Structures are given as structure tokens and as C-alpha cells.
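Undergrad: Okay, here's what each chain looks like letter by letter:
Protein chains: 2
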Amino acid sequence: MINVAVLGYGVVGSGVVEIIKKNSLSISKKAFKEIKVKKILDIRDFPDSPERELITKNPDDVFDDPQIDIVVETIGGATIAYDFTKKALSMGKHVVTSNKELVATHGPELLALARQNQVNYLFEASVGGGIPIIRPLNRCLAANEIHSIVGILNGTTNYILSQMKREGKDFDVALKEAQKNGYAEADPTADIEGHDSCRKIAILSSIAYNEFVDYKFIYTEGITKISLTDLKYAESMNSTIKLIAFSEKIDDKIVAWVSPVIIGNGHPLAGVEDVFNAILINGDAIGEAMFYGRGAGKLPTASAVVADIIEVVKHLGSFGGYNWSLAEGDNVLDVMETQTRYMVRIKIKDHKNAKNDVTKVFNKIEWLNAFNMDNEEELAFVTEKVLEKDMRQNLEKLKQSEAVEEVINSIKVMEA
Amino acid sequence: MINVAVLGYGVVGSGVVEIIKKNSLSISKKAFKEIKVKKILDIRDFPDSPERELITKNPDDVFDDPQIDIVVETIGGATIAYDFTKKALSMGKHVVTSNKELVATHGPELLALARQNQVNYLFEASVGGGIPIIRPLNRCLAANEIHSIVGILNGTTNYILSQMKREGKDFDVALKEAQKNGYAEADPTADIEGHDSCRKIAILSSIAYNEFVDYKFIYTEGITKISLTDLKYAESMNSTIKLIAFSEKIDDKIVAWVSPVIIGNGHPLAGVEDVFNAILINGDAIGEAMFYGRGAGKLPTASAVVADIIEVVKHLGSFGGYNWSLAEGDNVLDVMETQTRYMVRIKIKDHKNAKNDVTKVFNKIEWLNAFNMDNEEELAFVTEKVLEKDMRQNLEKLKQSEAVEEVINSIKVMEA
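Which chain is which? The protein sequence lines are P and C, in order.
Reading the first sequence from the start, the letters are residues 8 to 423 in our numbering.
Reading the second sequence from the start, the letters are residues 8 to 423 in our numbering.
No wet-lab data here; the hints were simulated from the structure.
Quantities reported herein were computed from a predicted structural model and do not represent experimental measurements.
A portion of the hints provided could be inaccurate.
Within a straight-line C-alpha distance of at most 25 Å, the following computed DSS-like cross-link-like pairs (lysine-lysine) qualify [what the hints assert, rightly or not]:
1. 321(P) <-> 28(C)
2. 260(P) <-> 28(C)
3. 362(P) <-> 406(P)
4. 321(P) <-> 36(C)
All chains should be modelled from the sequences, with the hints used to inform the complete structure.
TA: In C-alpha cells:
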């Protein structure tokens with residue numbers, strides 16, 4: 008019998024308890040041992056919960072109980088969760104979590120602590136919800152040198168973009184609807200500004216390249232500036248707009264960013280709709296592989312947590328964590344040195360001179376038909392691949408042109 | 008240092024040796040130990056191979072060497088491979104293989120033998136080539152009760168169907184081209200008759216439902232009867248034809264079959280083209296998840312073998328195999344009791360009477376426009392869901408109709 012304590016009885020935590028109860032037979036068959044939730048730690052009261060007898064507000068009930076082998080941390084954030092995780096690992100308890108913020112922030116320290124104490128710190132649920140991705144990346148693709156990861160890692164923003172495209176709803180309307188349907192939180196900042204995707208691509212990159220990639224050095228841009236008109240331009244390019252989390256290993260540097268991207272409809276990620284997530288991996292032996300499924304939600308995420316618990320139980324004797332050395336961020340290439348194509352929209356005062364100025368600033372461009380407004384009011388074009396630092400300078404130059412009123416938007420373009 | 012012996016220096020075997028050499032640094036970093044190929048067993052001569060000093064024709068060089076911990080079996084088939092695998096496991100050596108035939112035929116016995124000897128018998132490479140699917144199914148989705156598996160598991164047939172559809176080539180022409188391009192073997196029977204897919208869905212089902220599913224009880228139909236006209240009918244239904252390997256757990260029975268299927272273009276598998284494989288998993292907690300990638304080929308398959316080697320090395324102390332009880336096939340539902348919709352094409356002598364007879368035989372059908380031939384020569388329709396045994400009786404009845412010349416084809420229909 009293996010005893011588990013669940014810290015934080017919220018959406019994911021209660022899902023973990025639910026799955027362990029519901030699928031207990033098949034779980035014990037797979038783990039070769041019975042698994043039981045012995046304690047649930049939460050500061051709230053749950054007088055009507057069927058689990059109320061397991062619930063405690065006293066952390067000592069968990070940490071001082073030598074019979075508790077595995078601690079599930081589903082508190083979230085990097086404060087109390089950080090303290091509790093350190094305490095559990097120090098006391099020789101395995102920790103399983105869905106907390107991407109904590110892993111992305113203190114991963115190297117916590118993994119080292121787990122190693123010292125010969126226990127596991129596992130976090131399959133921190134990326135991609137129920138989609139198996141961390142273990143496949145680390146284990147199943149272990150024989151590959153991973154070249155790149157391209158993913159839709161945030162269900163909220165993908166739902167909003169899907170709604171905008173399909174239903175023609177403005178960003179604000181789509182966001183409110185996502186909140187109403189429980190797909191977006193009351194404070195949606197972490198999702199719509201790309202921070203959630205940023206932490207996830209940092210974790211995936213750390214696993215794939217076997218070195219810690221600090222999320223603080225990953226350039227991150229959300230979808231708040233994406234308009235219906237941008238989506239229409241994308242459509243005219245036989246493309247769509249997705250919030251893409253990207254990372255690529257080039258020599259000993261890692262290129263990583265999170266940004267809205269115009270991707271061709273032939274791209275495997277173009278068809279990923281609504282709250283679904285998908286992750287495209289490119290490795291030297293396997294070529295391209297894709298993982299697709301529900302990237303969030305109570306049961307998918309909880310099922311990933313429980314899978315980690317089973318993993319711990321199956322290999323109680325051994326442990327096989329990750330060895331992330333603490334990087335100072337110098338393994339991430341400065342975003343200014345990365346290059347990509349851009350779709351640029353500018354509001355103009357003088358059509359002919361603006362066109363002239365654009366061609367003076369940019370080497371080679373492809374004009375798009377400005378179908379939304381009068382041709383006299385807007386220009387749109389796609390650039391060649393251009394270094395980020397040059398791109399920013401070029402946009403500054405455009406803004407200084409007498410013929411240009413403003414740069415409306417510039418969005419990365421990626422082909423299939 | 009962990010020593011590996013490779014049995015069978017063919018496509019996959021040589022790929023394994025290549026990957027271990029090429030990615031040795033990152034592999035040893037992941038396995039926490041150095042991995043070396045010490046011997047290669049093959050009856051052929053390889054005088055020009057850079058590995059010729061490792062190659063031996065004497066099995067004793069492998070089995071009598073106590074320093075060899077892991078045996079890679081890439082011989083294929085269920086004769087010599089069977090003997091060597093039993094021998095290796097009995098002697099306490101771990102075995103890693105890509106041999107789907109052996110796993111599907113003697114899996115329960117070999118897994119039990121591995122268990123007795125406290126070693127691993129791993130076969131990630133037996134299904135889906137480089138796509139991580141067996142370990143994710145067993146480990147990452149361990150907390151789920153798996154409801155169903157729907158897959159495109161054979162690259163050769165998917166390539167042929169893609170060529171037929173896209174280039175309008177007949178089956179025979181597409182097959183010859185596949186052979187020329189190395190996508191089909193000189194004797195393509197196992198692929199085009201569905202046997203390869205059958206063994207693979209048997210293995211996946213055994214993992215998913217945690218009980219041995221014997222491939223011999225899985226109804227299997229290949230793609231040799233699929234014509235360009237069938238594909239055109241599918242197109243007119245906004246669908247396409249794929250060779251689908253299917254399994255579903257219903258109460259304590261398993262429904263499993265391999266067959267060409269007309270699937271809606273909205274189905275996630277419809278867009279899987281050429282030699283790619285994809286596997287759709289439905290579990291109670293995760294909902295739907297899909298795995299996509301190259302299902303065959305030297306390096307993808309070899310990378311899955313090497314991943315299993317790393318897995319063994321990481322957990323040398325422990326082992327966690329599968330516990331497949333030997334079933335007598337009575338866990339598989341008789342195909343006659345399964346039901347599905349069908350698209351049926353019949354060649355007719357008398358249009359009006361044939362139509363009458365069809366509506367007499369089938370409860371409710373939907374007529375299709377017979378666009379390929381004259382309306383007077385052919386009828387085509389889609390049935391409701393019908394039991395397989397009733398379907399076969401119905402087709403017999405149709406054949407007996409005076410107005411019907413022959414049943415040209417009947418193909419399963421599945422919606423998204």
C-alpha cells in the first residue's frame with residue numbers, strides 16, 4: 008500500500024483524488040501496488056465533501072507522517088508550493104506536480120534536492136494537460152537529438168483565436184465568452200499575454216535539450232493585439248493565426264519565443280482548434296512527430312498527475328530525474344539576433360509616398376491586397392526573413408515617414 | 008558501462024548501431040551510463056562494414072558473454088528470433104525488440120519469462136516506428152481507462168491510398184511505385200492484406216486494456232479491393248478511405264478489426280498522408296489524444312529501440328513489464344456481433360427492380376449518385392448501422408436478386 012497526500016484541493020487536486028478512487032483497480036494492476044489518498048491539505052473548509060475526513064489544515068499531518076510516500080502538489084504558484092515541495096523532498100518524499108510556474112522558476116534547485124534525497128520530482132501535468140509529452144520527450148525520444156519544438160500550449164488563447172476566426176467575434180467578446188465558459192480565468196493575463204505558454208516552452212526545452220532554459224530569457228508576446236482584420240489578412244494568405252511557443256537548438260544556443268504567428272493552413276498546427284493543444288517535435292532520428300489532445304481541464308491534467316504517481320510506485324527503488332544545470336540565461340540566443348518573416352500593416356496618409364518609403368526601408372517585400380479598408384488608408388505587406396533588431400529599426404524608420412500615420416501591427420509569418 | 012548485443016544487422020539493427028554511435032554523448036547523459044555495442048550477430052558477411060570487428064556468426068559470443076546485459080532482437084519473424092529471445096531472457100539478459108510478429112504471437116510467454124528472470128522485455132519499436140505510443144499508453148495514460156484506439160498503423164498502405172487519391176493511380180500502379188521507392192517490400196502481402204496492422208492493433212490493445220489480445224481473433228481485411236471509383240464515392244461523401252486498425256473495450260469484451268474505412272474529412276485521421284502513422288486514443292480522463300509521426304523507416308524505428316535500451320539502463324535495478332494473461336480469444340467479440348455503417352456498390356441489370364430489391368433488403372439507406380458509370384449500370388448507397396452477420400446475409404440476398412449482377416464492393420463508413 009502506497010499512501011499519497013494531496014496538497015491543495017482545487018480543480019486538479021480534487022481530480023487526482025477522484026481518479027485514484029474511480030480507477031483504483033486498474034491503477035493498482037498497473038502499479039503492482041495499491042495506491043491510497045491518506046491526507047488532503049487545504050486551508051479551506053469542505054464540510055460537504057465526501058473526502059472531508061481526509062482533509063486537514065495542518066501541514067504536520069502530512070510531513071510528520073512517515074507512511075506518506077508521495078506528495079501531490081496542486082497548490083500552484085511559487086511561494087507556499089515552493090516551501091512545501093522543498094520540505095517534502097528534504098524528508099525523502101516523492102513529489103508530483105502540475106505546477107508549471109514552480110518548475111519553470113525553481114526546477115534546477117528542486118531537481119537537485121530530489122536527487123540528493125534519492126526521490127523523484129515529476130511534473131508531466133505541467134505541460135499539455137493530459138497529453139503525454141514530458142515523459143515521451145525524455146524517455147521515448149531519448150535516442151534523438153531534438154532540433155526543435157513548435158507548440159500550441161495554451162488552450163485559452165487557442166479557444167479565443169478559434170472563436171474570432173470562426174464566429175467573427177472581436178478579441179474582447181471572445182475573451183468574455185471564454186471566461187463565461189470556464190476556459191479563461193477572471194484574471195486572464197497569464198494566458199492572453201503568453202506567460203503560461205512561456206513557462207511551458209521553457210520546461211519542454213529544458214527536457215528536450217537536457218539543460219535548464221530559464222523562462223525569463225524567452226521573448227514573450229500575447230494575442231491582445233490580434234484583430235479580426237489581422238485574421239482576414241491571414242486568411243487571404245491561405246493561413247491562420249495561432250499563439251505559437253517555439254524553441255530550436257542551433258549549435259550551442261537555444262532560440263525560444265512565444266508569439267502570435269501567421270501559419271500556413273497546411274501546417275500541422277493550423278487545424279488545432281478550440282481548447283486543444285498540440286506539440287510538434289523534430290528530432291534527428293524520428294523526423295517529425297506530433298502530440299495532440301486536451302491541454303487543460305480537471306480530469307486530463309489530473310490523469311497526468313496520477314500517471315506520475317504510478318511511475319513513482321513502479322520504480323520505488325530507483326529514481327531517474329533530470330539533471331538541469333543552473334544556466335544564467337546565456338544558453339538562450341538574444342531575441343534580437345533571431346530572424347523571421349513578418350506581415351506588416353501600416354495606416355497611411357499618402358499612398359504613393361508610403362509605398363515608396365516601405366520599399367526604401369525593406370529589401371524585398373510582397374504586397375498584400377488591403378481589402379478591409381480603402382486602399383488609400385492602409386498598406387499591408389510580407390517581408391523576407393529579417394533579423395529582429397533590423398525589423399525593429401525598420402519599423403521605427405517607417406513611423407518617421409511623413410506618409411505613414413502608424414504601424415498597425417506586425418506579426419510573425421511561418422510556413423508549413 | 009553497459010554492453011549491448013544486436014541480433015540481426017539489417018535495416019533496423021544497423022540503425023540501432025548507428026544511433027548509439029552518433030548520439031553517444033547525449034545518450035549517456037540521459038542514461039547516466041555509457042552504452043556500447045559489443046557484438047553484432049548475423050549469418051551474413053559484412054566485409055566492408057566499419058563494424059566488421061563486432062560482427063559474429065556464433066550465438067555463443069553473445070549468450071556466453073556475461074558482460075552483455077542487453078540484447079537487441081532485430082531479426083524479425085517468430086522462429087529464430089523466438090529461440091534467441093527465450094535464451095536471452097532465461098539467462099537474465101534484458102531484451103529490446105522491434106519485432107511485432109513475435110510480440111503479438113508469443114508476448115504472454117516472453118513477458119512471463121522476463122518477469123521470472125527479473126529482466127525487461129521491451130518493444131516500443133514494434134508499433135508506430137519512432138512514434139512514442141506503447142510507453143505513453145502504458146505509463147502516461149496509466150490513470151485512464153482506455154475506451155478505444157483508432158489508428159493508421161501501416162505506412163505502406165497509407166502511401167498507396169494517398170497516391171491513388173492524389174495522383175489518380177490505380178492500386179497496382181501505386182503498389183509498384185511504393186516498391187520502387189522502398190516503401191513496400193518485394194512480397195507486400197503482410198502490408199496490403201492488413202496483417203501488419205492487425206499485429207500492431209493487437210499489441211496496442213493488449214497494453215491499453217491490460218490483457219492479452221490475440222491477433223488471430225481480430226478480423227482483418229486489406230486494401231487490395233479498393234478502387235479509384237471507391238475513392239471517388241468517398242470524395243463525394245466529403246470523406247476519404249484509410250486502412251483503419253480499430254479496437255474498443257465494451258464491458259468485458261474487446262471489439263477489434265482492421266479494414267478499409269470511409270472516414271469523414273473532418274476526422275483527425277483523414278489528413279494523415281503518405282507513410283505517416285497516427286494513433287487516436289480515447290480515455291475516460293484525458294478524452295481524445297493523438298500521436299502522429301513516421302511509422303516506419305530505419306532511423307525512426309531504431310530510435311525507438313534505443314529509447315528502450317536507455318529505459319532499461321535507467322532502471323537496471325527494477326523492472327516493470329506487462330502482465331498479460333494468456334487469453335483463449337474469448338475476450339474478443341465475434342466480428343459477426345459488431346456493427347457499423349456500410350457504403351455498398353452493386354452492378355445492376357434492371358435499375359428499377361434493383362432499387363426495389365435493395366430497399367426490401369435494407370431497412371433504411373441513403374442513395375448516392377452513381378457518377379462514375381451510367382446510372383443504369385450501378386447503384387450505390389450507404390446503410391444505417393447494421394450487425395456484421397446481418398450485413399453478410401443482406402449482401403447474399405442482394406446477390407440472389409434477378410436485377411442485381413454483382414456486389415462490387417462494400418466498405419465500412421465511420422464519421423468524425
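Undergrad: Against which earlier hints does the structure fall short, listed by number upward?
TA: 1
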